[in-house]
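Participant: For reference, the chains in residue letters:
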Amino acid sequence: MIIQQIFNGLTLGMTYALIAVGYSLVFGILRLVNFSHGSVYAFGANIVLYLISLKFGLGPAILIGILLTGVLGVLVDKTALEPLRKQKAEPVASLITTIGISNIIVNLLTALLGSQKRAFPSLFPAGDILVLGIKFTYTQVGMFVVSLLLMLILLLIVNKTTIGLTMRASEQNIKAAQLMGINVNFVISFTFFLSGLSAAIAGALVSSYYGMTYASMGYMAGLKAFAAAVLGGIGSLPGSLLGGLIVGVTESLAATILGSEFRDSMAFIILIIVLIIMPNGLFGAKSIKKV
Amino acid sequence: MNKLTKIVTIVLAVVMIFSAVACAAPAATEAPAQATSPAGSQATQQPAATEVPAQATTAPAAPADQKPVKIAVAGPMTGDNSEYGIGFFNAVTLMAEQWNAKGGINGRKIEVVQFDDKNSPEEAVSVANKIVSEKDIPFIIGHFASGVSMAAAPIYQANKIIEISPSASHPDYSSIGDYIFRNNTVIKYETQASLDIAVNDMGKKNIGIISIKTDWGVSTSKIATELIAGMADKGVKLVAHEEVIEGSDDYRPAITKLNDAGADVVLCVGMYGLVAPVAKQYKEINPNISIIAFSNAYSQQLLELGGDAVNGVAFPVVFFSVSSDPNIQAFVKSYTDKFGSAPSALTAQAYDSAGILFTAAQKVGTDDPAKLRDEVNSMTYPGVTGSTHFDQNGDVQKPFTKVEVKDGKFVLMGSK
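Going down the list, the protein sequences come from chains P and W.
Here the first sequence is numbered in numbering that gives the first Met the number 0, starting from 0 and rising by one per residue.
Here the second sequence is numbered in numbering that gives the first Met the number 0, starting from 0 and rising by one per residue.
Here chain P stands alone, though its shape is the one from the complex (with noise of 0.2 angstroms):
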């Protein structure tokens, strides 16, 4: 059973590894943890939802819905943080911003759609394999392998295309990028939509799992996950990935052995020993040098 429940946490773990890229790409570049990145996902899964409802076919609603929340990411940098960038606002102030856009986001969600949770069709084929006496589902399977694949796709982008170079310096030091002749200002459009796509995967995946969407589905995703990537040591791409399944395993862990009540804290159990003990996180070796 332990083994079967370890699974099952890895799988969860690994739609929170995803939401966490979408802190770590953000934070690497602009040292600014988007709150708002909870509800996106909510978004991305509401979207795409909708757009499944709308029986234009499942594969282009998922594609479109994707892309859709790309978009928001986006559109959350150029409304909302580039214009307080140009008056080199506080940090704090963008933090804060990013919270209001959450809930504008949610309460957007709520209005449109409704507050209540909503059936979401199952993205894999019904069934199991049975694997040293472990089942997996195909849903579980289907999650597990789409979100490793993502994530590799992402690290390839960040490490071996020139777009990722122009990040990589960015995330340096933004002024000499500029100076370089790099766009920056579009490297971090284009990083907030990698966030977006990524958090609109993650929340397909989870709605399939769980089998429901809802207005208000991303603040405890999103607070869960942002600890994951603080405790893989936010920036780190790597790190996302471990912290999400270290958190997804203890929550299912937890579960197990404590009981489901202590599921939901156990993220923010981990994320405190982790700041005491390392505050850097797993991967986040090099201090954080001033911007």
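Treat the hints as calculated values from the structure; they're not laboratory data.
Where hints are given, some of them may not hold.
[Claimed, not checked] Below, computed lysine-lysine pairings styled on DSS-like, alpha-carbon distance capped at 27 angstroms:
1) K337/W <-> K408/W
2) K87/P <-> K5/W
3) K370/W <-> K129/W
4) K203/W <-> K134/P
5) K54/P <-> K203/W
6) K221/W <-> K233/W
7) K129/W <-> K69/W
8) K85/P <-> K5/W
9) K405/W <-> K69/W
10) K370/W <-> K101/W
11) K204/W <-> K77/P
12) K236/W <-> K212/W
13) K174/P <-> K5/W
14) K159/W <-> K69/W
15) K282/W <-> K134/P
16) K66/W <-> K54/P
17) K69/W <-> K332/W
18) K408/W <-> K134/P
19) K221/W <-> K187/W
Position chain W against the provided structure of chain P, taking the given hints into account.
Facilitator: Below, chain W without anything else, positioned relative to chain P:
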């Protein structure tokens, strides 16, 4: 203090604020015994708050100098649970109209007065004080949640105003005083009815419980545990009990434990928000599991959220709106015609409660609260939720109808 520490401090503060908000939100909405009807929201017929004295018909029989009989309806008329409060108000209004059309109570017209408690105990206390200070309201239908009703009840008791809550199911509610009644089955009998479905109708013996961690969920699952222990001689046993946080969406860890413990039937102590995902997630790993629930799962939302997975889910209800009983049919029809949606079980109980109060007032008048109280306590009222008789405690016991989900519809259990 370096930059990182600063960021971390801010972030931690934010996390705390978020979690505080997240924890505070659901606290007020305590689980009632029963939820909505399949027709869903009744919010469609939102009466304006200003339209307080809902004088339904201009009954010609009422002499002009007779003072009207006032009945208060207190419940959440706005906010999250407003569909319940509005349902109460609609039901009482409908009953009052029917009485007024026949000439009222001994020639006195009935006036329904609406009070909004926002389903908050604080508001309920001020509403109760307001009702008391009006001095001409002898009885009240309300409040909605058990905790809210229990906050207001002592005030009614002290002022000898009869309170009938159509929804409160907390064991302690009715013992607050002899003027405090509930027209809702105490959870013990309902639990018994649920277990009866599992053991006698389904023939299962290994029962697992999955319950939500609210006041209601904890006390209900405790009652269920005791009842199961009492059936040990029939070979029935509790194999596992898992408590979960309502709304955590992923119940797989608990389900895995229940399944490994060998449960062949699972009692879901929670509303449709628990039953639907549990049915879905349980059937992924064990398609043969049977699921039983409580009447608060009786909601259109259960079918929408659960889809195919909730087929076979069974539970007891006291009011089944598609029942063939002509009385129920007439009530459902006149309610639906007037308000645009079918009445829920709680609405039906509010309707019957109003009927009880009016009948008692007809017989003994409203001047002597003690006489009125005794009359309410002693009568047996044949209503749409079966025949209602309050016991010494002010509780009722009603016959249950067993309902199951079949092909995406609620049907009587065992019907083809």
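Participant: Now look at each hint and say whether the structure bears it out.
Facilitator: The hints, checked one at a time:
A C-alpha spacing of about 24 angstroms is found between K337/W and K408/W, which places the hinted pair at or below 27 angstroms, so the restraint holds. Of the supplied pair hints, the one linking K87/P and K5/W holds, its CA atoms being roughly 18 angstroms apart against a limit of 27 angstroms. Between K370/W and K129/W the CA atoms are separated by roughly 24 angstroms; this keeps the pair inside 27 angstroms, and the hint holds. Our distance criterion of 27 angstroms between C-alpha atoms is met by K203/W and K134/P, whose separation comes to about 25 angstroms.
Using a Cα cut-off of 27 angstroms, the hinted pair K54/P and K203/W is violated, with the two alpha carbons roughly 41 angstroms apart. Distance restraint check for K221/W and K233/W: the Cα-Cα separation of roughly 20 angstroms lies within the 27 angstroms cut-off, and the hinted pair is therefore satisfied. Proposed proximity of K129/W and K69/W is supported: the alpha carbons are some 14 angstroms apart, at most 27 angstroms. A threshold of 27 angstroms between alpha carbons decides the hint, and for K85/P with K5/W the separation of about 23 angstroms falls inside it, so the pair holds.
Taking the CA atoms of K405/W and K69/W, the gap is near 44 angstroms; set against the 27 angstroms cutoff, the hint is violated. A distance of roughly 24 angstroms separates the Cα atoms of K370/W and K101/W; the hinted pair therefore holds under the 27 angstroms criterion. Of the pairs offered as hints, the one joining K204/W and K77/P is violated, with about 61 angstroms between alpha carbons and a cut-off of 27 angstroms exceeded. Simply put, K236/W and K212/W have alpha-carbon atoms about 22 angstroms apart, close enough for the 27 angstroms limit, and the pair holds.
Our distance criterion of 27 angstroms between C-alpha atoms is met by K174/P and K5/W, whose separation comes to about 23 angstroms. For the given pair, K159/W sits about 15 angstroms from K69/W by alpha-carbon distance, which is consistent with the 27 angstroms threshold. For the suggested pair K282/W and K134/P, the alpha carbons sit about 13 angstroms apart, so the restraint of at most 27 angstroms is met. For the proposed pair K66/W and K54/P, the alpha carbon gap of about 60 angstroms is over 27 angstroms, so the pair is violated.
Between the alpha carbons of K69/W and K332/W the distance comes to roughly 26 angstroms, so the proposed pair stays at or under 27 angstroms and holds. Proposed proximity of K408/W and K134/P is contradicted: the alpha carbons are some 31 angstroms apart, above 27 angstroms. At most 27 angstroms may separate the alpha-carbon atoms for a hinted pair to count; K221/W and K187/W meet this at roughly 10 angstroms.
Violation of the numbered hints given earlier is confined to hints 5, 9, 11, 16, 18; the remaining hints are satisfied by the structure.
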